[in-house]
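Could you use the hints to bring the two separately framed chains together as a complex?
Residue numbers (this note's numbering), protein chains in the order written: chain L, 1 to 359; chain B, 1 to 358.
No lab work stands behind these hints: they were computed from the structure. Only a predicted model underlies this, so the values are computations on that prediction, with no experimental measurement involved. One thing to keep in mind: the hints can contain errors.
No farther apart than 20 Å at their CA atoms in a straight line, the calculated lysine to any residue pairs in the SDA-like style are these [said to hold, decoys possible]:
#1 K347(B) with V133(L)
#2 K41(L) with Y171(B)
#3 K178(B) with R232(B)
#4 K347(B) with L130(L)
#5 K178(B) with I45(L)
#6 K178(B) with V339(L)
#7 K347(B) with L265(B)
#8 K178(B) with E236(B)
#9 K347(B) with A127(L)
#10 K41(L) with G52(L)
#11 K347(B) with S225(L)
#12 K236(L) with M255(L)
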Amino acid sequence: MDSPEKTEGVLEQKKQAPGDTKGPRKAVRGRGDAAFAGVAKGAGIIIIVLLGAVTFFLVSQSYPAFIASNETIQSEVGFTRGMSFWQFAGAALFGTVLSALIALCVATPFAIGIALFISHYAPRRFAGALGYVIDLLAAIPSVVFGLWGMHTLEPVIRPIFAWISDVLTPVMEWWVTSVPGMGYMADHFEWWPLTPDLVHFVPPARNILMGGLVLAIMILPIITSLCREVFLQTPKLQEEAALGLGATRWEMIRMTVLPIGRSGIVSAAMLGLGRALGETMALLMVLSAGLSVNFSLMSPGQHSTIASQIALNWPEAQAGLERQFLIGLGLLLFILTFVVNFAARRVMARYSEFSGANA
Amino acid sequence: MSESVVVEKEVDSPGPNIFRTGVRHLPRWAPWAVGAASALASLGIFRGSAGTSNIVGMTSVALLIYVAAMMILSRNYEGRRNSTDRLATTLIGGSFLLAVVPLLSLLYTVLVSGFDVMSLSFLNHTTEGMTLEGAIPGAGHAIVGTLEVTFSTALIAIPLGIFTAIYLVEYNGGWLAKVITFLVDIMTGIPSIVAGLFAAAMLPVLLGNPGYRSGFMGAVALVVLMTPLVVRNTEEMLRLVSNELREAAYALGVTKSRTIVKVVLRTALPGIVSGCVIATARIIGESAPLLITAGSTDYYNFSLFNDRVMTLPVFVYNQYVAGNFPLAWGGALVLVLLVLILNLIAKLIAHWFAPKGQ
Chain L
1 MDSPEKTEGV LEQKKQAPGD TKGPRKAVRG RGDAAFAGVA KGAGIIIIVL LGAVTFFLVS
61 QSYPAFIASN ETIQSEVGFT RGMSFWQFAG AALFGTVLSA LIALCVATPF AIGIALFISH
121 YAPRRFAGAL GYVIDLLAAI PSVVFGLWGM HTLEPVIRPI FAWISDVLTP VMEWWVTSVP
181 GMGYMADHFE WWPLTPDLVH FVPPARNILM GGLVLAIMIL PIITSLCREV FLQTPKLQEE
241 AALGLGATRW EMIRMTVLPI GRSGIVSAAM LGLGRALGET MALLMVLSAG LSVNFSLMSP
301 GQHSTIASQI ALNWPEAQAG LERQFLIGLG LLLFILTFVV NFAARRVMAR YSEFSGANA
Chain B
1 MSESVVVEKE VDSPGPNIFR TGVRHLPRWA PWAVGAASAL ASLGIFRGSA GTSNIVGMTS
61 VALLIYVAAM MILSRNYEGR RNSTDRLATT LIGGSFLLAV VPLLSLLYTV LVSGFDVMSL
121 SFLNHTTEGM TLEGAIPGAG HAIVGTLEVT FSTALIAIPL GIFTAIYLVE YNGGWLAKVI
181 TFLVDIMTGI PSIVAGLFAA AMLPVLLGNP GYRSGFMGAV ALVVLMTPLV VRNTEEMLRL
241 VSNELREAAY ALGVTKSRTI VKVVLRTALP GIVSGCVIAT ARIIGESAPL LITAGSTDYY
301 NFSLFNDRVM TLPVFVYNQY VAGNFPLAWG GALVLVLLVL ILNLIAKLIA HWFAPKGQ
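Extracted from the complex, chain B is given alone in its bound form (with noise of 0.2 Å):
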């Protein structure tokens, strides 16, 4: 449109004018240009003055001056609404690169941090008599841990909220079923530590040992926050499932059971098992209630009723408190390379084994 148009439009009608088209707007480059200046008005204010505080500092000075002097050009030039839009659209990139700044910070402090006192030795010894002269410490009997409670807690939870899942969405339940969700909606929202205080309310009393502490005291607190996590997902996955399917099955005289496990599951089953890989990634990282349930030793125990387990976040919580802050970073990297590969391998799951077509 021309620019005559505008104006015509603009005698035509009293109000503002809505029409954008013909407004001039500031040259693509303007904001590069804005944005260095400022970042050397900042480089400027602080010139002389180093250290981490000061380009956090310096940052935030060059973003607020950039702020203000887009807002200043731009309100001049391309008028309020414009201006606006371009402070909103500041605001809304630099929430997400700022929330960004975290997660890499800490990726690359475990990265750099853990690598120091990566080695074998780490990952196979233990911390047993590490204040004697010549040990070597290492994590061996907490990643044994993580791996024996996780793997038991994988295990009761996941055929648990998979059939809970399949009650929920193939049968119809009536209020039994409404019951369940409104519980499974609970279980979501239990703190970690609640789950770890039933387990350990729970055990000592069925058991008659009030001191009794083990790995499976450790997993059913888990399963307690993992099944409603794998309960949650399966349901999502069975929806989607299309009843075109199942009606398909059951005119061919197949039976409900088998339609289940044959159609329904089959056709779910790459989103089922990546979202129980993420499920298990998510529960792998707890360390609350298995402060207080798996409790923390010095040895490999590779028996899962008996007597206390350490595990890799209470190892790193440990270490941290006594003040052995690689080892704490050490745990810390094995325990975050163990959850992104997991997440790895879901996402892969979910990419490979999706149904073809459409």
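This is chain L alone, in the form it adopts within the complex (with noise of 0.2 Å):
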């Protein structure tokens, strides 16, 4: 139907003198449409400018503080306190990555919890608005998120933080002398995660534990809401068909459900570490910063992250050596989460092959 057509066109435009544009084909694809592709296509391009923008400029402005010997940057940076980049980045990464991890950990069970709640238990009409009510959750802004962790949430948790203290201390202590070996790492590794410290509790709570929470809050919407996407997916038919052998509905969600939605769930949970890698403001405000690598989860001063270093030592750095470091830095994070998200695309695109296809 298309070829007729087409050779026409071609044909006429043939017999035309070039440049006259009243042609069959021409007049369907007039001047505008052209302009209208163009100008689609440009912002397309923008895009990749924009990223292009993004990686040049970062990786540009922020050379300088890799390259540096360790005694320039002791020198010209005031805020390393005589550390060296790598020594500096890895603490804050280390902290990064802690806080991101407790708040996925906190976070996961719940979301599966909501979204299944959501996707099968509450009665349909109710759904929607339930789930509205979890995306309200991310639209608040991290700031208030953070006044708000230190304000309300830090005085219930406090007298929580010390009953944990109290209970699991003698616990950690017993396991440290009885164990062979046990005191003998907890005494020569400050990274050694088995000691007393760990469940140890210094007022006040703003300790990583803490800022975890608070990350954990802020990063549940995005995991249920994906979560509770996969978990509608399942086909209808193998959910009946658990339910009419006499399964009970909890058992119809472990054979249908959860085995269909886990590469979903996988994908969700680490979209969701993403979002908490790089999210600032809550442990910014929560977080009293240091910079040790270590377990003491329940201590103030002991960690920082790389998005809360670079927002708390932004506004005071010099043009130049600690405004690069800083930047590089930034370009750190940028490739962690870069990493994280990017496998948590292939995991989705991975699996998503199986599931629910062959159903």
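Encoded structure:
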């Protein structure tokens, strides 16, 4: 159907003088058409240029910090307090990953529960509204979360931390003294996690566990909404088959919804991790910053994150090596989140061929 | 089914009884009764002590007692499978309720604490000379700044995002479209502080002024964050437009661009607009990139391109750091209200202007 028209158009075009635009093909493809297509394509190209510029300026404005000698860094960058770039970056990276992992461990089970509640438990009529309530959590600005975390959550959580500390410290002390080798590890390596410091609480609760909790609330909505979407894609026939065979609702979920949604859950959790890694304000406001590599989860002044170090030091940083240092940190954060997000999408893409397709 | 049928089935099949019909269940009031009993028991344990953290402790103890009691009761009465089902229901419902608690607590705290300082003078005064005697501090400059920066961001990001989405969906872009899709994915994951660093690294170099800071710089950072949101949403909305509509327009001899503008965009408009409003609401609360680009001031700055501009999130953060909690809460209230109103508008647009009919 298309081809005769096309040949006709071509023939007519050949007959016409060049520059004459009144052929039948040209009439359907006006001059505005090309302009519109050009604008759309131009917008796409601007996206490429924009991301190219992000990469270019992050790299070009930070490489002096990567190649500067330790002495130069120590003398010119005030806030490192004698650390080299990689020591500083490593400690900040450690805090970033630790807080994000705490947030992930807390948020993922809850997110799965909430998503299941909305998709399979709540009455259909309210499901949309309940999902909207959770989405509202995502709409709250992070700075308000930080404010609320310090004002409301901290006084509530402080006695809970104290209680955990009281209960678990004897356990850890017993562990260190009784299990052979553990005492040696605890005494000789600062990074060794299984020491009484792991559970020892020092008030105020401006520690990484508290930061992780606030972060968990902030990444909850994104993991929930992705999980919910995945759970809703479970083939109805499989669910009904499970129920028809006499499965209880939980058995139905365990046998159909969760296996099919597994890759989706993993991917949602990883996207949540990516979000948690890049989050600034909550940790900037909750944590009392320090740059140690240890697992004193409940002591203040131990950890800090890349994002909060940048936000903390940028306003006072001098143009020159100090700023280049911070941009270098930002580049590391960019690479880290890129890797995590990329992996998340790969997981989603790899498993989506299997999930539900052969159902 | 009667009891006898089930018994027969059990006799028939050597395997576990999978026909649940005749199995006895706990009465409907049982969970409520157990819940009330465990609440009372918890009250008994915690009697005489008061305080917020004890409410938390009391609730958790009550929950533990409830779960344990229901498990024992249900396991003995209904069997293992039903008791597991009840446990799962309790945990799943509980996780939802637990997630709503922070949201309600946050909204309540912001409303109550912010309401104390809310007044006209808070909205139109600045923090200039706020330590002087008799000065009335306010967030007027921050509100103006936020509107300036957000508006200019939206002005750049919305057309850019919509046209990119049009290119991705309506034009067969080939490898270029694949590259753009991939890059938009990356942009979605850029941490907000990195977007801020990008603007702060680029503009001083381009303008040759190392100390340059302005609202426009903040807008550049926010464009990086807002564009992918707009692209993603618009793409989704355009893909929802059925192909028959496009083909019908082409069959009538309408040009491609007119088809896109008059048919496709018109059909998808409510979804696109509401998505843009939500993206704006998301961007309005960004603090980290503005902290390092737009900076902070104590006075009104109506110029987008010169000098630092105060914005609401930065205002909240600064007042928090300075220990002026009432001002911080006031700013937070204005911010939360802006976000909620924008979300509401988005909802209403999607609802009212949705294409009629199926």
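Q.
Going through the numbered hints above, which ones does this structure break? Give me the numbers in ascending order.
A. Nothing - there is no hint that the structure violates, so all of them hold.
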